[in-house]
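Student: So the protein lines, in turn, are chains A and B.
Heads up, the final residue of the first sequence is numbered 296 in this note's numbering, and it's a clean run with no missing numbers.
Heads up, the final residue of the second sequence is numbered 296 in this note's numbering, and it's a clean run with no missing numbers.
Calculated from the structure, these hints are not laboratory results.
Note that CB positions come from ideal geometry on N, CA and C, so glycine has one too.
Hints may contain errors.
Only part of the chain B face toward chain A is listed, based on derived beta-carbon distances under 7 angstroms [as the list claims (entries may be wrong)]:
1) 118
2) 160
3) 168
4) 193
5) 197
6) 200
7) 287
Just a sample of chain B residues kept apart from chain A, beta carbon distances all over 10 angstroms, derived [as the list claims (entries may be wrong)]:
8) 4
9) 67
10) 68
11) 80
12) 111
Number of protein chains: 2
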Amino acid sequence: MSPSLTVALVQQACTAAREENLATSIQGIMHAAEQGAKLVLLQELHTSLYFCQTEDVTHFDLGESIPGPSTEIFATLARELKLVIVTSLFERRAKGLYHNTAVVFENDGQIAGVYRKMHIPDDPGFYEKFYFTPGDLGFTPIATSVGKLGVLVCWDQWYPEAARLMALQGADILLYPTAIGWDPNDTDAEKNRQREAWMTIQRSHAIANGLPVLVSNRVGHETDPSNITSGIQFWGTSFVAGPQGEILAHAEQDASVLVATLDLQRTESVRRIWPFLRDRRIDAYDGITQRYLAVR
Amino acid sequence: MSPSLTVALVQQACTAAREENLATSIQGIMHAAEQGAKLVLLQELHTSLYFCQTEDVTHFDLGESIPGPSTEIFATLARELKLVIVTSLFERRAKGLYHNTAVVFENDGQIAGVYRKMHIPDDPGFYEKFYFTPGDLGFTPIATSVGKLGVLVCWDQWYPEAARLMALQGADILLYPTAIGWDPNDTDAEKNRQREAWMTIQRSHAIANGLPVLVSNRVGHETDPSNITSGIQFWGTSFVAGPQGEILAHAEQDASVLVATLDLQRTESVRRIWPFLRDRRIDAYDGITQRYLAVR
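Start from the sequences, fold in the hints, and give me the full structure.
Tutor: Structural data, given as structure tokens:
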């Protein structure tokens, strides 16, 4: 593991045309490689529209096996460009059994590992519990030539437990492919609170664990096929944070490839001045595995 | 529990004179009461200098029993002003057995409960492991007339586990008395990163748990009695955050009494749009009670 690592995030708008989305991702990855990136993170479900705005059984047709057509494309790209790629795919595991799955490719084109989204949201416009079976692989970082990658997906970002378990399993970097946006009808104040909360909670995982965090989020407006809502305005703002939660680079709300260089030795130096892992009260954390503890 | 609650934080500089520190706290609490506060939070160890800059056995003389001389003063004040007060005292529990303890007073002057700091830091200038036995009361909120108070102390603030356990036990508000500051010799960039991380991690507890957070921090420069370091410049910046982590009010670096009004119904409404407690993967969190999980 080299002490410094150039990383890139591909932040893109998607359309209903799979080939277009793939072309945009590929272009972004090639651009990242030209700038020296050795690790590229794509956003959540980058090969399609965010199809969870409605519950529609035909959308399961978007699912694909892993390995499968998409993994073949990204495996080739990883090998040709000699970089590690983290993708996010709609996995068809069996008839009627689907997952929201991140696939990590080693720089020789091999699949280094997969992560199946553990926390599944469900709220108006984000009907993910209909589509995605909760992950059954736990919180296990994926070993690669650029370090152990603690890949988590979108809704996972709100759970300190997930980040902590990745850190305890030796993750060197936390990575979040996401697809989050605004209800266009919300007030500006509410929009600001939501985006700020989203950045804050992910920066907090960097701080609590002394790890860099990469977040790649979708951009663009996608309409609601049911016409019930005003669709989702994905807010982009992909960012790279260092192990004190400091923002090293961030994107705006347009399609972009964000490049940043991490100093991987900072985790050791930050953990020496802030040795949070040393002082965890593991004798008193039992209740974390309970749903709720108050009796009232 | 009323839907809105006016709260106040007393942020003060301390001296070696206990009576002076008490007078400043009392003045702050009276000022808070005049402005309608029903809950006042004092900073960590507000009756003395931050004595942990060196390891000196004579400093144990600062410890006091609970109930004791300080609790008598604050109990009287709570009863007379009809407000709930959260204090932070150096508890002498037995000969040679000391804790860093928060004491919560009901508005009738009764001690509603105590919390003994669970996570104890130890780094140059903050030799707390010498003075404070780790708390043995767990993470239990304290029931009061203004809600269940999840009181945690300073170093606890870096641990998402602590905030989560308070939330799972039904806390309505998270409260952090703290005493954190800069090494005056650090660069401005490092100082900014540290203070920003400190705010970010505490705001993240609000977000992860959908709860308001109150933080009261010390101000002023205190010299190092050993003259080894340049002392500590306590950075103040006490703040009140709402349940999306949004800053409702914050202080600067001078002594002040910060007043803010919380809408306690926002926890329910925020948790309805962001139902993080619903989706916790309690089946997969076992590892949280381990020191470390990676085998390498």
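Student: Are all beta-carbon distances from residue 111 (chain B) to chain A longer than 10 angstroms?
Tutor: holds, 21 angstroms
Student: Confirm or reject: residue 68 (chain B) is not an interface residue toward chain A, with every Cβ-Cβ distance exceeding 10 angstroms.
Tutor: Non-interface label on residue 68 (chain B) holds, nearest chain A Cβ at 26 angstroms vs cutoff 10 angstroms.
Student: Holds or violated: residue 200 (chain B) as interface residue toward chain A, Cβ cutoff 7 angstroms?
Tutor: holds, 5 angstroms
Student: Does residue 67 (chain B) really sit off the interface, with its C-beta more than 10 angstroms from all C-beta atoms of chain A?
Tutor: Given that every Cβ of chain A is farther than 10 angstroms from that of residue 67 (chain B), nearest at about 25 angstroms, it holds.
Student: Holds or violated: is there a CB of chain A closer than 7 angstroms to the CB of residue 118 (chain B)?
Tutor: holds, 5 angstroms
Student: Min Cβ distance, residue 160 (chain B) to chain A: is it shorter than 7 angstroms?
Tutor: holds, 3 angstroms
Student: Next item in the hint list is residue 197 (chain B). Is there a CB on chain A closer than 7 angstroms to its CB?
Tutor: holds, 5 angstroms
Student: Determine whether the non-interface label on residue 4 (chain B) survives the test: each CB of chain A must be over 10 angstroms from its CB.
Tutor: holds, 18 angstroms
Student: Let's test the interface hint: is any C-beta of chain A closer than 7 angstroms to that of residue 193 (chain B)?
Tutor: holds, 5 angstroms
Student: Less than 7 angstroms between beta-carbons is the criterion; does residue 168 (chain B) satisfy it with respect to chain A?
Tutor: holds, 4 angstroms
Student: Checking a non-interface call: every C-beta of chain A should be farther than 10 angstroms from the C-beta of residue 80 (chain B). Is that right?
Tutor: holds, 30 angstroms
Student: Using 7 angstroms as the Cβ threshold, decide whether residue 287 (chain B) counts as touching chain A.
Tutor: holds, 5 angstroms
This entry satisfies every hint, going by the numbered hints stated previously.
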